[in-house]
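Asker: The residues making up each chain are set out below.
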Amino acid sequence: SQELEQSPQSLIVQEGKNLTINCTSSKTLYGLYWYKQKYGEGLIFLMMLQKGGEEKSHEKITAKLDEKKQQSSLHITASQPSHAGIYLCGALSGGGADGLTFGKGTHLIIQP
Amino acid sequence: KAGVTQTPRYLIKTRGQQVTLSCSPISGHRSVSWYQQTPGQGLQFLFEYFSETQRNKGNFPGRFSGRQFSNSRSEMNVSTLELGDSALYLCASSLPSDEQFFGPGTRLTVL
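Heads up: the protein sequence lines correspond to chains V and R, in order.
Take the first sequence: its letter number 83 is residue 83 in our numbering, and every next letter is one higher.
Take the second sequence: its letter number 29 is residue 141 in our numbering, and every next letter is one higher.
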């Protein structure tokens with residue numbers, strides 16, 4: 001089964017600083033999803049990457065997919081308190097037959 | 113467009129009881145997936161329903177079951193509750209081959 005490893009597990013960043021979260025897959029990535037979760041709440045869809053080399057941006061968040069490395073990165077520029085939360089990467093497993101497999105998440109804390 | 117709704121939001125049950133959780137997908141979405149989230153195991157896929165049929169199933173015991181109605185609303189049932197079933201249960205709806213939109217979850221506590 002596919003496994004997704006996220007790093008770092010937790011991150012404390014001063015407001016205004018940039019940060020990067022990585023997601024590495026044990027198997028070939030056919031599509032990678034990034035979600036954000038506020039503690040104890042549902043997931044908010046951020047971005048979906050489907051092609052190797054694809055890069056998408058939304059406001060101050062940029063995600064890239066490196067198909068060869070089976071890896072995706074999420075970069076936040078000039079972090080703000082609203083960016084705090086848990087970031088989860090997910091990928092379709094078994095061609096979709098096993099639903100979305102998720103990483104354990106990266107807990108992001110923004111210090112004022 | 114209304115998002116995915118889940119009821120109830122919070123639930124407390126005792127061991128041995130059974131529970132039913134409900135999920136209403138986004139209008140027009142026919143696929144509904146259920147996930148269990150715990151601190152130890154993270155988010156794990158339970159099952160997916162599409163057009164009233166279970167299309168995929170994760171690695172969970174038979175105590176976990178679900179169904180989907182003709183209006184795409186879905187229910188999940190857990191019988192003979194165990195302490196380890198305490199978790200946040202999330203459902204997500206989607207169009208075919210599209211991103212999944214998640215509901216706020218149902219927090220189940222088993223005492």
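One thing to keep in mind: the hints can contain errors.
Unchecked claim - Selected chain V positions facing chain R (in silico; Cβ < 8 Å):
#, residue
1, Tyr39
2, Glu41
3, Phe45
4, Met48
5, Phe102
6, Lys104
7, Gly105
8, Ile109
Stated by the list, open to error - Short derived list, chain R residues pointing at chain V, Cβ under 10 Å:
#, residue
9, Gln149
10, Leu155
11, Pro173
12, Gly174
13, Phe176
14, Asn183
15, Cys203
16, Ala204
17, Phe214
18, Gly217
What the hints assert, rightly or not - Pairwise CB distance ranges (calculated):
#, chain 1, residue 1, chain 2, residue 2, range
19, R, Leu207, V, Lys38, 36 to 46 Å
20, R, Ser182, V, Glu5, 32 to 42 Å
21, R, Gly128, V, Lys60, 45 to 55 Å
22, V, Gln50, R, Arg185, 38 to 48 Å
23, R, Phe181, V, Glu15, 42 to 52 Å
24, V, Lys56, R, Gly140, 20 to 30 Å
25, V, Tyr39, R, Arg175, 26 to 36 Å
26, V, His75, R, Ser182, 39 to 49 Å
27, R, Asn189, V, Lys51, 22 to 32 Å
28, R, Gly115, V, Pro81, 22 to 32 Å
29, R, Arg175, V, Thr62, 19 to 29 Å
30, R, Gly174, V, Ser82, 18 to 28 Å
No lab work stands behind these hints: they were computed from the structure.
Using N, Cα and C, we set each Cβ at its ideal position, and we do this for glycine too.
Asker: A separate judgement is required for each hint: does it hold in the structure or not?
Answerer: We went through each hint and held it up to the structure:
1. Taking 8 Å as the C-beta contact cut-off toward chain R, the hint placing V:Tyr39 at the interface is violated, the least distance being around 10 Å.
2. Checking V:Glu41 against chain R by beta carbon gives a least distance of about 6 Å; that is within 8 Å, so the hint holds.
3. Nearest Cβ of chain R to the Cβ of V:Phe45: about 5 Å, under the 8 Å cut. The hint holds.
4. Among the interface hints, the one on V:Met48 holds; its C-beta lies about 5 Å from the nearest C-beta in chain R, closer than the 8 Å criterion.
5. Below 8 Å, beta-carbon pairs count as interface contacts, and V:Phe102 has one with chain R at about 4 Å; its hint therefore holds.
6. A hinted interface residue such as V:Lys104 counts as satisfied when its beta carbon comes closer than 8 Å to some beta carbon of chain R; here the least separation is about 5 Å, so the hint holds.
7. Satisfaction of the interface hint for V:Gly105 is found here, the shortest Cβ-Cβ separation to chain R being roughly 7 Å, below the 8 Å cut-off.
8. Interface hint at V:Ile109: violated, since its Cβ lies 17 Å from the closest Cβ of chain R, which is beyond the 8 Å cut-off.
9. Evaluation of the R:Gln149 hint against chain V yields a held restraint, the C-beta minimum of about 9 Å falling below 10 Å.
10. With a cut of 10 Å, the hint placing R:Leu155 at the interface with chain V holds, because the nearest CB-to-CB distance is about 4 Å.
11. A distance limit of 10 Å between C-beta atoms decides the matter here; for R:Pro173 the minimum to chain V is near 16 Å, and the interface restraint is violated.
12. Proximity of R:Gly174 to chain V is violated relative to the hint, the smallest CB-CB distance being about 18 Å (cut-off 10 Å).
13. With a least beta-carbon distance of about 13 Å to chain V, the hint placing R:Phe176 at the interface is violated under the 10 Å criterion.
14. Interface hint at R:Asn183: violated, since its Cβ lies 21 Å from the closest Cβ of chain V, which is beyond the 10 Å cut-off.
15. For R:Cys203, the shortest C-beta to C-beta distance to chain V is roughly 9 Å, which falls under 10 Å, so the interface hint holds.
16. Against a cut-off of 10 Å between C-beta atoms, the interface hint on R:Ala204 holds, since the closest Cβ of chain V lies about 8 Å away.
17. Hint on R:Phe214 holds. Least Cβ distance to chain V is approximately 4 Å, under the 10 Å limit.
18. Checking R:Gly217 against chain V: minimum C-beta separation of about 5 Å stays under 10 Å; hint holds.
19. Checking the proposed 36 to 46 Å range against R:Leu207 and V:Lys38 shows it is violated: the Cβ atoms sit about 25 Å from each other.
20. A hinted range of 32 to 42 Å for the beta carbons of R:Ser182 and V:Glu5 is consistent with their spacing of about 40 Å.
21. Distance hint check: the CB atoms of R:Gly128 and V:Lys60 are about 49 Å apart, consistent with the given range 45 to 55 Å.
22. Between V:Gln50 and R:Arg185 the beta carbons are some 29 Å apart, a value that contradicts the proposed interval 38 to 48 Å.
23. For the pair R:Phe181 and V:Glu15, the beta carbons lie near 46 Å from each other, so the given range of 42 to 52 Å is met.
24. With their beta carbons about 24 Å apart, V:Lys56 and R:Gly140 fall inside the hinted range of 20 to 30 Å.
25. Under the hint 26 to 36 Å, the C-beta atoms of V:Tyr39 and R:Arg175, about 28 Å apart, fit the expected range.
26. A C-beta distance of roughly 44 Å is found between V:His75 and R:Ser182, which places it inside the suggested range of 39 to 49 Å.
27. Remark: the range hint 22 to 32 Å for R:Asn189 to V:Lys51 is contradicted by a beta-carbon distance near 39 Å.
28. With their beta carbons about 24 Å apart, R:Gly115 and V:Pro81 fall inside the hinted range of 22 to 32 Å.
29. Checking the proposed 19 to 29 Å range against R:Arg175 and V:Thr62 shows it is violated: the Cβ atoms sit about 42 Å from each other.
30. With their beta carbons about 42 Å apart, R:Gly174 and V:Ser82 fall outside the hinted range of 18 to 28 Å.
Comparing the model with each numbered hint stated earlier shows that hints 1, 8, 11, 12, 13, 14, 19, 22, 27, 29 and 30 do not hold.
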